[in-house]
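Chemist: Letter by letter, the chains look like this.
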Amino acid sequence: VTAQAESAQVGVVGAGTMGAGIVLVMLRGGHTVVLHDVDDAAVARGVDQVRRFLDRSVAKGKLAADGRDNALARLTSTTDLGDLGGSQVVVEAIFEDADLKAGLFGKLDDICGPDTLFHTNTSTLSVTAIAAGSRHPHRVVGTHYCNPAPLMKLVEVVRGRRTDDDALTATVRFVEALGKRVVHSGDTPGFLVNLFLVPFENDCLRALEAGLGTVESIDVAVKAGLGYPLGTFELLDIVGLDIHRSVSLSLYHQLRDPRFAPPPLVDRMISAGQLGRKTGEGFYTYDTTALFGA
Amino acid sequence: MSMQSGVAVVGRTPTAQQLVELAESSGHTVERLGAGEPAAAAIVFVAVDVAGTEPPSQSNALRAAVGAATAGTVVVACTTLLSPTELARQTDDPARVVGLHLFTSAPGTGLAEIVPAEQSAPSNVERLSDLLKGFGLPAIVVKDRPGFLIQRLFLPYLNQAVQALDDGIASAQDIDASVELGLGYPVGPLRLLDDLGLSRHAATTATLCLDLADRHFAPPPLLSRRAALGCDGRLSPMPGGEAS
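Read top to bottom, the protein sequences are chains A and B.
The number in the working numbering is simply the position in the first sequence, starting from 1, with 95 added.
The number in the working numbering is simply the position in the second sequence, starting from 1, with 403 added.
Because the hints were derived from the structure by calculation, they are not lab data.
All values derive from a computational prediction rather than experimental measurement.
We put the beta carbon where it would ideally sit given N, CA and C, even for glycine.
Any given hint could turn out to be false.
Stated by the list, open to error - Restraint ranges, calculated between C-beta atoms of paired labels, are given here:
no.: 1; chain 1: A; residue 1: Asn242; chain 2: B; residue 2: Arg618; range: 52 to 62 Å
no.: 2; chain 1: A; residue 1: Gly274; chain 2: B; residue 2: Ser526; range: 55 to 65 Å
no.: 3; chain 1: A; residue 1: Asn165; chain 2: B; residue 2: Gly537; range: 53 to 63 Å
no.: 4; chain 1: A; residue 1: Thr264; chain 2: B; residue 2: Leu625; range: 21 to 31 Å
no.: 5; chain 1: A; residue 1: Asn242; chain 2: B; residue 2: Pro441; range: 54 to 64 Å
no.: 6; chain 1: A; residue 1: Asp261; chain 2: B; residue 2: Asp569; range: 26 to 36 Å
Claimed, not checked - Covered by chain A, per the in silico footprint, the following chain B stretches (three or more residues, Cβ under 8 Å):
no.: 7; region: 463-471
no.: 8; region: 507-515
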């Protein structure tokens, strides 16, 4: 495995928010990027998200105009997985479904060279299970970027049961060269960040249900008492209750620990259309459904 | 309803000292009292316990303060773990007792939890709440349930981090870095526990485990082992030292 820390060709599969964020990280790291999604519209949305982020960076004076142009010149997009063939690293950021992800790596086996590193950006699924879809599971490594990827410094690097030393070492070198801080996590549900965050959020929801506090007082307690940057309910409104529910259930089913189970309040709010910022109403109400920083 | 003003503090514990500083910094003249000394102040704070270090017999100080209080005085029972309802029950005038938990052990700005006892007169809760508005730290009203609010939320997270370390999911440095960089928490759970003191946390969480009958509050075995080492017990590496 010989992934270049500098100027590699990186394939990114999945042009959603995470995929676009990862593209930006790769471009900033000096790499050439081929972005893939299943249809033209999805690909166009992803490229557009990348372009808008770079435009805003220029407008804010954080990036020179030719820096943006140079970055965009290193980005191509495709709906044909075959175009990822020349990549030294392929980062998967598709829908959070183990079978889909495993199936993707099975297809990439026939497309990519024998030294390609396969990175899966999963937050809640088993890297080992995803790697089982590949005939080369020793080259599959978990790399969990935090959202928004261009702004968050942390990457959880996860070794699956069949990941080999070379792939792990090359991955750490590659991710660190992107300017990220790597933490190593075992292939255990939720890795580190979600292992700690998700049950804490559910504990706050249960405290609310039990009347131990209000939305406001619990957020005050978390921010003033613990120094967290956002109140739990402010954060849940940004994440979206539907996403929180599926992440919680996934971890609950894997860990069978009741702290991870989403409390009934989550279901009620979803039924009522109170998903958070994206519907204009969650624990708080919002004038606009636009996500800040988007 | 009362023309009384002023603040008095009973006791010499760190919590008592903190209350004196908070009250003085918000412009109050603070009377320091010994147990059972009569107070002219409108609000008397009694530091009842310090987590895991003092016996509940300290409620004697509360009983004495209530006995010595003049009409209209609110007596505030400052506690981390004891039930204000139970503390108030042991006094001759439970209606004038209101609970308070000052939580300043994590790296936030600090938090005051006002814990009305079942017997507290609502007007007394309000007077404490009004006074605390000047203290410069956010105050919230919570129920008299084990752990009140903040410890109920915080302690399972700390225990979970210790268990993750013991399970070998990640190193102490990486566990702390994951929440500091991934979630923006000011300090990771393991270094925070080292700063708080392992035995203090172990005692608090063991009490709440019994009170709530919830295993997520049970002291993880690694915590108990290291806490038993006293001041040598740590979870995270010494700054600049070897990894644990």
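Chemist: Evaluate each hint against the coordinates.
Modeler: Consistency of the hints with the structure:
At about 32 Å, the beta-carbon gap between Asn242 of chain A and Arg618 of chain B misses the expected band of 52 to 62 Å. For the hinted restraint 55 to 65 Å between Gly274 of chain A and Ser526 of chain B, the CB-CB distance of approximately 58 Å keeps it satisfied. Under the hint 53 to 63 Å, the C-beta atoms of Asn165 of chain A and Gly537 of chain B, about 56 Å apart, fit the expected range. For Thr264 of chain A and Leu625 of chain B, the Cβ-Cβ distance of about 29 Å falls inside the hinted range of 21 to 31 Å, so the restraint holds.
For the pair Asn242 of chain A and Pro441 of chain B, the beta carbons lie near 60 Å from each other, so the given range of 54 to 64 Å is met. At roughly 30 Å, the beta-carbon separation of Asp261 of chain A and Asp569 of chain B lies within the given 26 to 36 Å, and the hint holds. Only residues whose beta carbon comes within less than 8 Å of a beta carbon in chain A count, and the region 463-471 of chain B has 0; fewer than three means the coverage is violated. With 6 residues carrying a beta carbon less than 8 Å from a beta carbon of chain A, the region 507-515 of chain B meets the three-residue requirement, and the given coverage holds.
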